[in-house]
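Listed below, chain by chain, are the residues.
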Amino acid sequence: MEATMTETATAGKNQKMEDRLIPEKTIGEVHVDDARMTAQGVNVYYGDKCAIDNVTLDIGVGQVISFIGPSGCGKSTFLRCLNRMNDTIDICRVEGEIKIDEDDIYDPRIDVVSLRARVGMVFQKPNPFPKSIYDNIAYGPRIHGLARNKVELDEIVELSLTRAGLWQEVKDRLDQPGTGLSGGQQQRLCIARAIAVSPEVILMDEPCSALDPIATAKVEELMHELREQYTIVIVTHSMQQAARVSDRTAYFHLGTLVEVGETKQIFTNPVHELTQDYITGRFG
Amino acid sequence: MRDLKEDFARHISSEFNEELEELCTDLMKMGGLAERQVRLAVECQEQYDSALVEEIRSAENSVNAWEIRIDELVASVIARRQPTASDLRLVLAVSKIVRDLERAGDEATKVALMAQQAHESGRTSTVGLVEVRAIGGQVIRLLGDSLTAFARLDVDMALDIARRDKEVDRIYQSALRSLATFMIEDPREIGHVLNVMWVLRALERVGDHATNVAEHVIYLVKGTDVRHLSVTNVEETLKNI
Chain A
1 MEATMTETAT AGKNQKMEDR LIPEKTIGEV HVDDARMTAQ GVNVYYGDKC AIDNVTLDIG
61 VGQVISFIGP SGCGKSTFLR CLNRMNDTID ICRVEGEIKI DEDDIYDPRI DVVSLRARVG
121 MVFQKPNPFP KSIYDNIAYG PRIHGLARNK VELDEIVELS LTRAGLWQEV KDRLDQPGTG
181 LSGGQQQRLC IARAIAVSPE VILMDEPCSA LDPIATAKVE ELMHELREQY TIVIVTHSMQ
241 QAARVSDRTA YFHLGTLVEV GETKQIFTNP VHELTQDYIT GRFG
Chain B
1001 MRDLKEDFAR HISSEFNEEL EELCTDLMKM GGLAERQVRL AVECQEQYDS ALVEEIRSAE
1061 NSVNAWEIRI DELVASVIAR RQPTASDLRL VLAVSKIVRD LERAGDEATK VALMAQQAHE
1121 SGRTSTVGLV EVRAIGGQVI RLLGDSLTAF ARLDVDMALD IARRDKEVDR IYQSALRSLA
1181 TFMIEDPREI GHVLNVMWVL RALERVGDHA TNVAEHVIYL VKGTDVRHLS VTNVEETLKN
1241 I
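Those protein sequences? They're chains A and B, same order as listed. Positions 1 to 284 (the numbering used here) are the ones given, in order, by the first sequence. Positions 1001 to 1241 (the numbering used here) are the ones given, in order, by the second sequence.
Worth double-checking, as some hints may not be accurate.
What the hints assert, rightly or not - Covered, in the sense of this in silico footprint (three residues per stretch, anywhere, with C-beta under 8 angstroms from a C-beta of chain A), are these stretches of chain B: (1) 1010-1020; (2) 1087-1099.
Said to hold, decoys possible - Computed from the model, here is a short list of chain A residues facing chain B with C-beta under 8 angstroms: (3) Gly-96; (4) Met-239; (5) Gly-281.
Claimed, not checked - Here are some chain A residues the structure puts well away from chain B; computed CB gaps all over 12 angstroms: (6) Asp-33; (7) Tyr-46; (8) Asp-53; (9) Ser-71; (10) Asn-86; (11) Glu-97; (12) Thr-280.
Quick caveat, the hints were computed from the structure, so don't treat them as lab data. A quick note: this is a predicted structure, and the numbers were derived from the prediction, not measured. Where is the CB? At the ideal position from N, CA and C, for every residue including glycine.
Generate the whole structure from the sequences, applying the supplied hints.
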C-alpha cells in the first residue's frame, strides 16, 4: 500500500514537472506564406475538459504536415476540427477560428457537406462502402453533382483510381465489392474516394496503422505524389512515417501545440525538451 | 537546459541506452589508444627505440580494429533504432570522430616510421627536435582534451581546442620558416630537415584531427555544424543559438 502511495505521489510530481515544461507559446514558425488552412487560437472542450488549448497553426498549400504526440495529446481532435468531424460529438465544443482559403469553416452559413468535400478524410481503418469499387468512387461526385453524365463520371472514377495508384489493379473488376480488396487496396480506395470530389485538403488519421509495410510504403508513395495537387495533414504514431512523408511536423502534448517546424529540423535538432523526449523515445 | 549526458540514458528502451553507452565507451577506448600512439611517436622522435615502434604498430592495428567495430555498431544502431535528434547527432558524431581518431593514429605511425628510417640510415641529428617536442606536446594535449570534451559534452572546451589549434598552426609555420633558413645555411642537413618538416606536418595534422573531433562535439551538443568556420565565426554562431 505504502509503495502504491509513493508511486502515486511521484507520478503526481512528474506530471507537475511536465506541466511546467509546456511552453506558453508554440515554438517554431506556426505561420506559412502560402496557407491553405489557418487555425487561430483554437480551443476544444469535451464537456468541461479542455482537449486542445489555444492552438494556432497554418497549413501550407501543397504541403504534407504531420501531427505527432503521445496518445491523448489532442492531435486527432485537432485534425477532426479541420473538417468539423467533431460536430458529430455532442459534448464537443470548438472555440477560435479555422479558415480554409479565408472562409471560416465554423460560420453557421457554411454547408458542412461541401466543407467535407473540400477537406476530405481518410481514417485509420479502411472503411469502403459496402458497394462496388466503382460506386465507392462515384458516390461523392454524384451527390455533389460533379459529373453531368456517365462518361464524365467514368472519367472521374478512372482518374481518381489512377491517382490513388489503384487503377491497374482494379480496372477489370470495378463492379466487384470494395470490401473484397486487400487492406492496403481498401485504404487506397478510400484515398481515391476522397480525391474523387476534388478536395483541397486531405486529412489522414493514422492511415497506415492497420496496413503491412508494403501497403504502408504504397500509401506513403501515394502521399508523396498527391502533395503536388493536395494539401495533406496526417496524424501518425509512427515517428519514422512522419519523418519520411512530411514537410512540416507539429508536436502536440497534453492538448498544446508545443513545437512546429521543418520535419528535418524537428528530427535532427528539436528545440523543446518535450519534443526531443518524444521523438527519441525517452521518459517524459 | 537538461544535461545531455544524463539524457542519453533516459530512453524507454534500456537496450538502446546500453548501445549508446557502448558506442561512447568504445570511442573513448579507441581515442585513448590513438592518443597513446601519438605520445609514443613523439617519444620515438626524441629517443629512438625499436620496441616503441613495435608498440605503435600494434596500437595502430588495435585502432583500426576499433574503427571497424565502432562503425559496425553505428550501422546497427541506425538500422535497428532509427535514432533521431540528439541520439542521431551522437551516432553521426561518433562515426565521424572515429575517422579522425584513426587518421590521427596514422599520422603517429608515420612519425614513428620516419624516426625508424632516420635511425636506420644513421642520419641522426638534434636539429628540429625542439620544434617536434613543442608541437608534439601541444597536439597530444589537444587530442586528449578533444576526447575529454566529448566525454563531458563540453562545448567551451571544444571551442578552446579550436583556438589552441590555431596557435599550433602558428608555431608550425614559424618552425617551417626557421628550418628553411637552416637548410640554406647548412645544405648538408637538407635531407634530415626535410624529414623533420614531414614529422611536423604529421603532428600538425594530428592537431587538425583533434579540432575536427571538437567540432563534432559542438555539432553533437548544439546541433549546429561549425566545420569550415573560423573560430570567431563559430563563437558568433554559438552565441546566436
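Checked hints:
no., hint, result
1, 1010-1020, "holds (count 5)"
2, 1087-1099, "holds (count 3)"
3, Gly-96, "30 angstroms, violated"
4, Met-239, "7 angstroms, holds"
5, Gly-281, "5 angstroms, holds"
6, Asp-33, "24 angstroms, holds"
7, Tyr-46, "28 angstroms, holds"
8, Asp-53, "24 angstroms, holds"
9, Ser-71, "14 angstroms, holds"
10, Asn-86, "31 angstroms, holds"
11, Glu-97, "33 angstroms, holds"
12, Thr-280, "5 angstroms, violated"
When each numbered hint is compared with the structure, violations occur for hints 3, 12.
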